[in-house]
Amino acid sequence: MASNHNHRLLIINPGSTSTKIAVFEEEKSVFETTLRHSASELKDYGRIWDQFDFRKKILIEELKKAGIDPKSFTAVIGRGGVLRPIPGGTYRVGAKMLEDLRLAVRAEHASNLGAILAYSIASEIPVESFIVDPVCVDELEPMAKITGMPEIERDSIFHALNIRAIARAAARDMGKPLQELNFVIAHLGGGISVCAMRRGKVVNVNYALCEGPFTPERSGSVPLFRFAEMCFSGKYTPGEIRKKINGQGGMVAYLDTNDATLVEKRIAEGDDYARLIYEAMAYQVAQEIGARATVLKGKVDAIIITGGVARSKMLTDWITERVSFIAEVKIYPGEDEMQALAMGGLRVLREEEEALAYD
Amino acid sequence: MFRILAINPGSTSTKVSVYDDEAERFSETIVHTKEELAHFKDFTEERPLREMAVLNSLKKHEIPLESLSAVVGRGAPLKPLEGGTYRINELLLDDLRHQRLQSPHVSVLGGLMAFEIADSLGLPAFIADPVSTDEMHPLARISGLPEISRKSLWHALNCKAAARKASRDLNKKYQELNLLVCHLGSGITVSAHRRGRAIDVNNANSEGPFSPERAGTLPAVELIELCYSQRHEGHEMLKKVTRHAGLSAYLGTSNALEVERRIIEEKDEKAALLYEAMAYQVAKEIGAMAAVLEGKVDAVVLTGALARSEMLTGWITARVSFIAPILIYPGEDEMEALSLAALRVLRGEEEPKEYT
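So the protein sequences, as listed, match chains A and B. Using our numbering, you'd call the opening residue of the first sequence number 226 and step up by one each time. Using our numbering, you'd call the opening residue of the second sequence number 24 and step up by one each time.
Some clues are possibly wrong.
As the list claims (entries may be wrong) - Under the rule of at most 25 Å between Cα atoms (straight-line distance), these lysine-lysine pairs were calculated in the DSS-like manner:
| # | chain 1 | residue 1 | chain 2 | residue 2 |
| --- | --- | --- | --- | --- |
| 1 | A | Lys426 | A | Lys268 |
| 2 | B | Lys196 | B | Lys319 |
| 3 | B | Lys64 | B | Lys195 |
| 4 | A | Lys281 | A | Lys321 |
| 5 | B | Lys195 | A | Lys460 |
| 6 | A | Lys245 | A | Lys296 |
| 7 | A | Lys370 | B | Lys196 |
| 8 | A | Lys282 | A | Lys296 |
| 9 | A | Lys555 | A | Lys522 |
| 10 | A | Lys522 | A | Lys426 |
| 11 | A | Lys401 | A | Lys555 |
| 12 | B | Lys293 | A | Lys370 |
| 13 | A | Lys281 | A | Lys268 |
| 14 | B | Lys319 | A | Lys555 |
| 15 | A | Lys281 | A | Lys370 |
| 16 | B | Lys38 | A | Lys522 |
| 17 | A | Lys401 | A | Lys370 |
| 18 | B | Lys57 | B | Lys196 |
| 19 | B | Lys293 | A | Lys538 |
| 20 | B | Lys38 | B | Lys82 |
| 21 | A | Lys524 | A | Lys555 |
| 22 | A | Lys426 | A | Lys460 |
| 23 | A | Lys268 | A | Lys245 |
| 24 | B | Lys262 | B | Lys64 |
| 25 | A | Lys522 | B | Lys293 |
| 26 | A | Lys524 | A | Lys401 |
| 27 | A | Lys524 | B | Lys319 |
| 28 | B | Lys38 | A | Lys370 |
| 29 | A | Lys245 | A | Lys281 |
| 30 | B | Lys57 | B | Lys188 |
| 31 | A | Lys538 | A | Lys370 |
| 32 | B | Lys102 | B | Lys319 |
| 33 | A | Lys370 | B | Lys82 |
| 34 | B | Lys57 | B | Lys262 |
| 35 | A | Lys460 | B | Lys196 |
| 36 | A | Lys426 | B | Lys293 |
To be verified - Only part of the chain B face toward chain A is listed, based on derived beta-carbon distances under 7 Å:
| # | residue |
| --- | --- |
| 37 | Pro71 |
| 38 | Pro127 |
| 39 | Leu168 |
| 40 | Ala238 |
Derived by calculation from the structure, the hints in this document are not laboratory data. Predicted model, so just to flag it, every value in this text is computed and none were measured. In this text, a Cβ means the ideal position worked out from N, Cα and C, and glycines have one as well.
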């Protein structure tokens, strides 16, 4: 039974140099702001976890300044961190989760602060706190985990929050339950994830940090042999090589910018090299979509392109030309993490979905 | 009638065939013993020995040298060049003699022997569709790292031959069709052929599905860790990813028949998972290449020794048959492919390519 009383949610989304917060009344955002943290403010904290008190304090101050009572919420939702591999969904924040995040069991990441910030503010009210679809969502089928070397198992690290939110939106627009649909979904941002979603589960996805298409700032998959030779050449430290894969690889390495808008401007001015590189990115995304379609044996109800870079018509047109033979291509440009987090919380509060436990 | 001598040198053997038009007169695999080869510093010195063996084989099979119309040799990893049948001209001969190759390979002796034998008889000598056949579209050359442009090094000889067989069975010219050709051997390549040109293909040593012996694409971050960890010396690591990865690393054997035996007789679930995972990755590569052709695919062609496995081709077919009809040409017959390549040119069905 759905409860009738109004839900008022605080949403907390910590990034590496900012904390985004929002207040939602039901599905509607009534307040949204980004608290920026300068490098000098953060430099004294050895570990990300140590920034908790600092971020909480300015968050509370900001709410008070905006005339929002920090005790006025019916629940608090945080961005999920890099936990152990778990199925997608909305998770109740609990002791085991906080412990794993404190220890950064898999990786140091700013989003590891989402759960503790949510939990700490919620427990003072007291109400419940949740996280939704963290990057560590892992619903891979067994074959998807196999690489070509026993030492390396494929991890599922991807843009789960936006991808799962957009999948729900697309299913709604198609008038069918998500559990009856198969999608190939490409999230195009600074990183690119392309997943095969079978009846709501992401059964195959490229490891977005270092696999798949190249992106505005990542190299994607690299030819193994010559890349290994680069590693062994003695010319690069591991840190330098890592930067070439993530941060300084892909479009920015070829064109000196990770800004798609700027690249499109150069193309409009007749820069053929920029055009080649930009189209090559679309070409590789299309290849990845084609690969995912075979995971679903061609039974694809729609191909969905989302994320910030999906705003580029040039890019989505190039991709569409190459993959529309598989299924209809639907574009959901942008990403709204705050909305996605709020919706994840509301589904549980409205008892449309069970909150999952992390243990 | 044209009588063609084809020569294909491997590391410890030389294959010789004679074709009368499309019909094989004989084929022989001449094995060179370790003792014989021990006299030489490396394969570059083995030409006279191997050439003598080829001539002896012709004598044994009662093929008079004067009855030959042309000699064709296996192509080497030369500089990137268009597919086709190349008459061995001065320039090509010079590159073969001086080992101007992308990587050293014994196949270089194929063209050299073909030339020496043909030249003494006043006949034309050819090579055809070498591994360095490069018809890649500019978009396919971009990797994601400016330091590394993608290279076209693949099973061009067998894949082009299989593509031609498929064209014949579809009653069309190779140049009129769009085909996806997958070579399933100890290495695996999937190539996208648009009207007779292979515009994209994975480099079997570096990319794509894992194979019985090779790793295929690996997540880069983990690869960095492997490279920088002390466990692997550079040379050893490169050998590992191209010779001792894939099925061999997971299951301790790269022999597909053995893997299938374990699956069927021993109900070995790990073997079943890994073997199917290989098919799964092959299917993904085929799907990726279908996007290269914008889905306009006349047929998916499976060839190579592993295309004999109904288990593998069945798994692949289940995943990719939505793209196009599947045609299977199991095995690889390089000798026939070489002979037919020479025959097309001798008959004037195809212009020989000029090596420049």
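Comparing the hints with the structure gives:
no. : hint                : in the structure
1   : A:Lys426 - A:Lys268 : violated, 39 Å
2   : B:Lys196 - B:Lys319 : holds, 16 Å
3   : B:Lys64 - B:Lys195  : violated, 48 Å
4   : A:Lys281 - A:Lys321 : holds, 21 Å
5   : B:Lys195 - A:Lys460 : violated, 51 Å
6   : A:Lys245 - A:Lys296 : holds, 19 Å
7   : A:Lys370 - B:Lys196 : violated, 41 Å
8   : A:Lys282 - A:Lys296 : holds, 14 Å
9   : A:Lys555 - A:Lys522 : holds, 20 Å
10  : A:Lys522 - A:Lys426 : holds, 15 Å
11  : A:Lys401 - A:Lys555 : holds, 15 Å
12  : B:Lys293 - A:Lys370 : holds, 13 Å
13  : A:Lys281 - A:Lys268 : holds, 17 Å
14  : B:Lys319 - A:Lys555 : holds, 21 Å
15  : A:Lys281 - A:Lys370 : violated, 38 Å
16  : B:Lys38 - A:Lys522  : violated, 41 Å
17  : A:Lys401 - A:Lys370 : violated, 30 Å
18  : B:Lys57 - B:Lys196  : violated, 45 Å
19  : B:Lys293 - A:Lys538 : violated, 45 Å
20  : B:Lys38 - B:Lys82   : holds, 15 Å
21  : A:Lys524 - A:Lys555 : holds, 16 Å
22  : A:Lys426 - A:Lys460 : violated, 42 Å
23  : A:Lys268 - A:Lys245 : holds, 20 Å
24  : B:Lys262 - B:Lys64  : holds, 22 Å
25  : A:Lys522 - B:Lys293 : holds, 23 Å
26  : A:Lys524 - A:Lys401 : holds, 16 Å
27  : A:Lys524 - B:Lys319 : holds, 18 Å
28  : B:Lys38 - A:Lys370  : violated, 41 Å
29  : A:Lys245 - A:Lys281 : holds, 12 Å
30  : B:Lys57 - B:Lys188  : violated, 37 Å
31  : A:Lys538 - A:Lys370 : violated, 33 Å
32  : B:Lys102 - B:Lys319 : violated, 30 Å
33  : A:Lys370 - B:Lys82  : violated, 56 Å
34  : B:Lys57 - B:Lys262  : holds, 22 Å
35  : A:Lys460 - B:Lys196 : violated, 49 Å
36  : A:Lys426 - B:Lys293 : holds, 24 Å
37  : Pro71               : violated, 33 Å
38  : Pro127              : violated, 15 Å
39  : Leu168              : holds, 5 Å
40  : Ala238              : holds, 4 Å
Comparing the model with each numbered hint stated earlier shows that hints 1, 3, 5, 7, 15, 16, 17, 18, 19, 22, 28, 30, 31, 32, 33, 35, 37, 38 do not hold.
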